[in-house]
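K.L.:
This is what each chain is made of:
There are 2 protein chains.
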Amino acid sequence: MAVVTILGAGYMGAALSFPALENDHEVRLWGTWLDDPLIDAVRIGHEHPRLEMAMLPALQTYKHKELAQALDGADLLICAVTSEGIARVMQSVLMLIDHEIPFMSATKGLLPGPNGHMDRLSRTVEALALTSLHYGQIGGPSKAVELCRRIPTAVVYAGAHAAFAADIMHAPYYHITLSEDLPGVEVCAALKNAFAIGSGLFDGLEKAGAVTESYNAKSAFFSKAVHEIARVVEAMGGQPETAFGLAGAGDLIVTAVAGRNRTFGEMVGAGTPPDEVAAYMAARNLLTEGYPAVRTGWALVSHLAGEGRLDLEDFAFLRALYAIVYEGAPVKETLFAIDLRERRLKGADGRVPRWAEIGDREASHHDHSLG
Amino acid sequence: MAVVTILGAGYMGAALSFPALENDHEVRLWGTWLDDPLIDAVRIGHEHPRLEMAMLPALQTYKHKELAQALDGADLLICAVTSEGIARVMQSVLMLIDHEIPFMSATKGLLPGPNGHMDRLSRTVEALALTSLHYGQIGGPSKAVELCRRIPTAVVYAGAHAAFAADIMHAPYYHITLSEDLPGVEVCAALKNAFAIGSGLFDGLEKAGAVTESYNAKSAFFSKAVHEIARVVEAMGGQPETAFGLAGAGDLIVTAVAGRNRTFGEMVGAGTPPDEVAAYMAARNLLTEGYPAVRTGWALVSHLAGEGRLDLEDFAFLRALYAIVYEGAPVKETLFAIDLRERRLKGADGRVPRWAEIGDREASHHDHSLG
Numbered sequence: 153m154a155v156v157t158i159l160g161a162g163y164m165g166a167a168l169s170f171p172a173l174e175n176d177h178e179v180r181l182w183g184t185w186l187d188d189p190l191i192d193a194v195r196i197g198h199e200h201p202r203l204e205m206a207m208l209p210a211l212q213t214y215k216h217k218e219l220a221q222a223l224d225g226a227d228l229l230i231c232a233v234t235s236e237g238i239a240r241v242m243q244s245v246l247m248l249i250d251h252e253i254p255f256m257s258a259t260k261g262l263l264p265g266p267n268g269h270m271d272r273l274s275r276t277v278e279a280l281a282l283t284s285l286h287y288g289q290i291g292g293p294s295k296a297v298e299l300c301r302r303i304p305t306a307v308v309y310a311g312a313h314a315a316f317a318a319d320i321m322h323a324p325y326y327h328i329t330l331s332e333d334l335p336g337v338e339v340c341a342a343l344k345n346a347f348a349i350g351s352g353l354f355d356g357l358e359k360a361g362a363v364t365e366s367y368n369a370k371s372a373f374f375s376k377a378v379h380e381i382a383r384v385v386e387a388m389g390g391q392p393e394t395a396f397g398l399a400g401a402g403d404l405i406v407t408a409v410a411g412r413n414r415t416f417g418e419m420v421g422a423g424t425p426p427d428e429v430a431a432y433m434a435a436r437n438l439l440t441e442g443y444p445a446v447r448t449g450w451a452l453v454s455h456l457a458g459e460g461r462l463d464l465e466d467f468a469f470l471r472a473l474y475a476i477v478y479e480g481a482p483v484k485e486t487l488f489a490i491d492l493r494e495r496r497l498k499g500a501d502g503r504v505p506r507w508a509e510i511g512d513r514e515a516s517h518h519d520h521s522l523g
Numbered sequence: 153m154a155v156v157t158i159l160g161a162g163y164m165g166a167a168l169s170f171p172a173l174e175n176d177h178e179v180r181l182w183g184t185w186l187d188d189p190l191i192d193a194v195r196i197g198h199e200h201p202r203l204e205m206a207m208l209p210a211l212q213t214y215k216h217k218e219l220a221q222a223l224d225g226a227d228l229l230i231c232a233v234t235s236e237g238i239a240r241v242m243q244s245v246l247m248l249i250d251h252e253i254p255f256m257s258a259t260k261g262l263l264p265g266p267n268g269h270m271d272r273l274s275r276t277v278e279a280l281a282l283t284s285l286h287y288g289q290i291g292g293p294s295k296a297v298e299l300c301r302r303i304p305t306a307v308v309y310a311g312a313h314a315a316f317a318a319d320i321m322h323a324p325y326y327h328i329t330l331s332e333d334l335p336g337v338e339v340c341a342a343l344k345n346a347f348a349i350g351s352g353l354f355d356g357l358e359k360a361g362a363v364t365e366s367y368n369a370k371s372a373f374f375s376k377a378v379h380e381i382a383r384v385v386e387a388m389g390g391q392p393e394t395a396f397g398l399a400g401a402g403d404l405i406v407t408a409v410a411g412r413n414r415t416f417g418e419m420v421g422a423g424t425p426p427d428e429v430a431a432y433m434a435a436r437n438l439l440t441e442g443y444p445a446v447r448t449g450w451a452l453v454s455h456l457a458g459e460g461r462l463d464l465e466d467f468a469f470l471r472a473l474y475a476i477v478y479e480g481a482p483v484k485e486t487l488f489a490i491d492l493r494e495r496r497l498k499g500a501d502g503r504v505p506r507w508a509e510i511g512d513r514e515a516s517h518h519d520h521s522l523g
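Chain order of the listed sequences is W and E. Residue 153 is where the first sequence starts when you use the working numbering, and the numbers rise one by one after that. Residue 153 is where the second sequence starts when you use the working numbering, and the numbers rise one by one after that.
Errors might be hidden in some of the hints.
What the hints assert, rightly or not - Not everything, but these chain E residues come out facing chain W in the computed CB check (under 8 angstroms):
id: 1; residue: H216
id: 2; residue: K295
id: 3; residue: T305
id: 4; residue: A306
id: 5; residue: I328
id: 6; residue: T364
id: 7; residue: A369
id: 8; residue: E393
id: 9; residue: G397
id: 10; residue: L398
id: 11; residue: I405
id: 12; residue: Y432
id: 13; residue: D491
Said to hold, decoys possible - Among chain E residues calculated to face chain W with C-beta under 8 angstroms, some are:
id: 14; residue: L299
id: 15; residue: F374
id: 16; residue: A401
id: 17; residue: V409
id: 18; residue: A410
id: 19; residue: T424
Quick caveat, the hints were computed from the structure, so don't treat them as lab data. Quick caveat, the model's predicted, so the values are computed rather than measured. Yeah, the Cβ is synthetic: ideal placement off N, Cα and C, and Gly gets one too.
Looking at chain W on its own, in the form it has when it is part of the complex (with noise of 0.2 angstroms):
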């Protein structure tokens, strides 16, 4: 039997409690200094406020002020706050505890670095521990009260310790992939919050009438999303492989079809101004990572260019998503201008790509209507 400790009791620290009690291990989950009210619902037997289910009775809570507690003897951490409070908990974090101990994250999402440019999050982490500390990542479609309720959920878990958390985790309706490439599991699960709001905006073009059905147009992004991804995964020293499997196409399908990025870029689609629809969802708690993704996404790729590591002109995708969320751009509009012919990566051995490709003639063929 293992000791585990949660930290962040929102709903993926709440659900990440289930398959690691049914495997009889010792669950605490702990709460920050926002979690107290969850903490203390779950403490006197309601349901989870946000999950809206109860925890199972061998649940341990600990609040805010009780995080040594909660870290005492612990031999595997997992962390499930939010990106921007990631930092902050960590630093109370590593002052109490080994930092050799196991730790695996399930917060997703990019942060300015050591060198000062947006990079992946363990790199944050990882500095501020200043020794050993090895970050581990949970990739891949999990949507928390599904987990809750047992329906069939495939993650993948990269990083150091990522096996023995696997161990301690795996259940029959929750399948651990290993992955050994940290990188690529860290950027594919920042950015799919970006493109998830790219679906949206499609279904909110929908609802104002400006598009009947898109589901061509749905694929065919959802696609050029998942080679943007590939491509940052490659210029991160990840593994391109990676955006195509569970971390990064599974993972987008779910944030696209289901979930408040979605319904983010539906109500930008539909009309209304981006930073109206973000004041609207923060006012009622309904977080949606993918605006500021939106944001560090693009941030890091701009880096990554001016360093020469990868080509703007791969991510029409992003910028355009950049231009609609944060400049104003109009929505139908910049969607349909982006080229969406594929372009293959090369190969790990850097072959050619083995596409032809039609050379660039749209611009001097008589003017269609894109009615």
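Since the structure of chain W is already known, use the hints to place chain E on it.
P.N.:
Using the frame of chain W, we list chain E on its own:
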């Protein structure tokens, strides 16, 4: 200006006339013996009865007996008949034309090939020609009605004459990627219909109350479907990367979220026996290509496994679909029993997968309720 003859006047045949006509080519739409009512309607200026859209005035129409006239002087042949009809149509066509004519097929499926085993359509058609016919395949996410409405659509053209055809067909809303992987595009086009049923099965389980939401599972199974398709592509001499792009994952999405194969799966998932669903839909002229595709796909995979070209263990999803659709296996229990961990394909350089994997410990692990 080129002369484009489209074989088959159903949804896709009629839709493909739009970009060709808008590029000022002469476009001839020929209907099979089943399509004469469609041609009649279009000729008197009515909407196309299936698409429920008006065709462009410049479209020329040919009834089933007018095949010779439709083919006379054609520069490009586009085949959009059903996979059941393609052999019969092409036998007639090949008696009337120069076999070197550029030929592209939007028809998708598998047929017994020259060796008697399930094979790609191109193998059947090229064997019929005896001489130099070069088959080309159109793949990618493309619902016909959206193409007519100029919704951005991204497709893949593969085959010897793909570039010639793309030059005639491309439009600002019809983005054509050229692929050199004909086997890959064909296999993807044939198998996506089978796997689209799988997504529908979960919709049916939800409808019947057997599960609540199941986005996690749908995403995980989507990812598994793409990997299974990639393995067939590889075994058939194609490039597995094709399965991860527009022709595979992209086309699978549009089919899985919107289409008759999804509907078929939904009815089965909700509890109606598969043969009854097939009969119900056939009676309403709602052809579901996924129903035979599960059978032909499983036959192909079984044949390839028998030849040692792939490992049946990698095909748990397709096997489950076959068991559910043709052997009466229970939907939920069969799907929930599948191992959803990702097994990475070997690279083109034959290197071993870089994923570590958890050993098979489930069997010895204590039993968890699948609740």
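K.L.:
Decide, hint by hint, whether the structure agrees.
P.N.:
Hint by hint, here is what the structure shows:
no. : hint : verdict
1   : H216 : 30 angstroms, violated
2   : K295 : 5 angstroms, holds
3   : T305 : 4 angstroms, holds
4   : A306 : 4 angstroms, holds
5   : I328 : 7 angstroms, holds
6   : T364 : 6 angstroms, holds
7   : A369 : 4 angstroms, holds
8   : E393 : 6 angstroms, holds
9   : G397 : 5 angstroms, holds
10  : L398 : 5 angstroms, holds
11  : I405 : 4 angstroms, holds
12  : Y432 : 24 angstroms, violated
13  : D491 : 7 angstroms, holds
14  : L299 : 7 angstroms, holds
15  : F374 : 6 angstroms, holds
16  : A401 : 6 angstroms, holds
17  : V409 : 7 angstroms, holds
18  : A410 : 5 angstroms, holds
19  : T424 : 22 angstroms, violated
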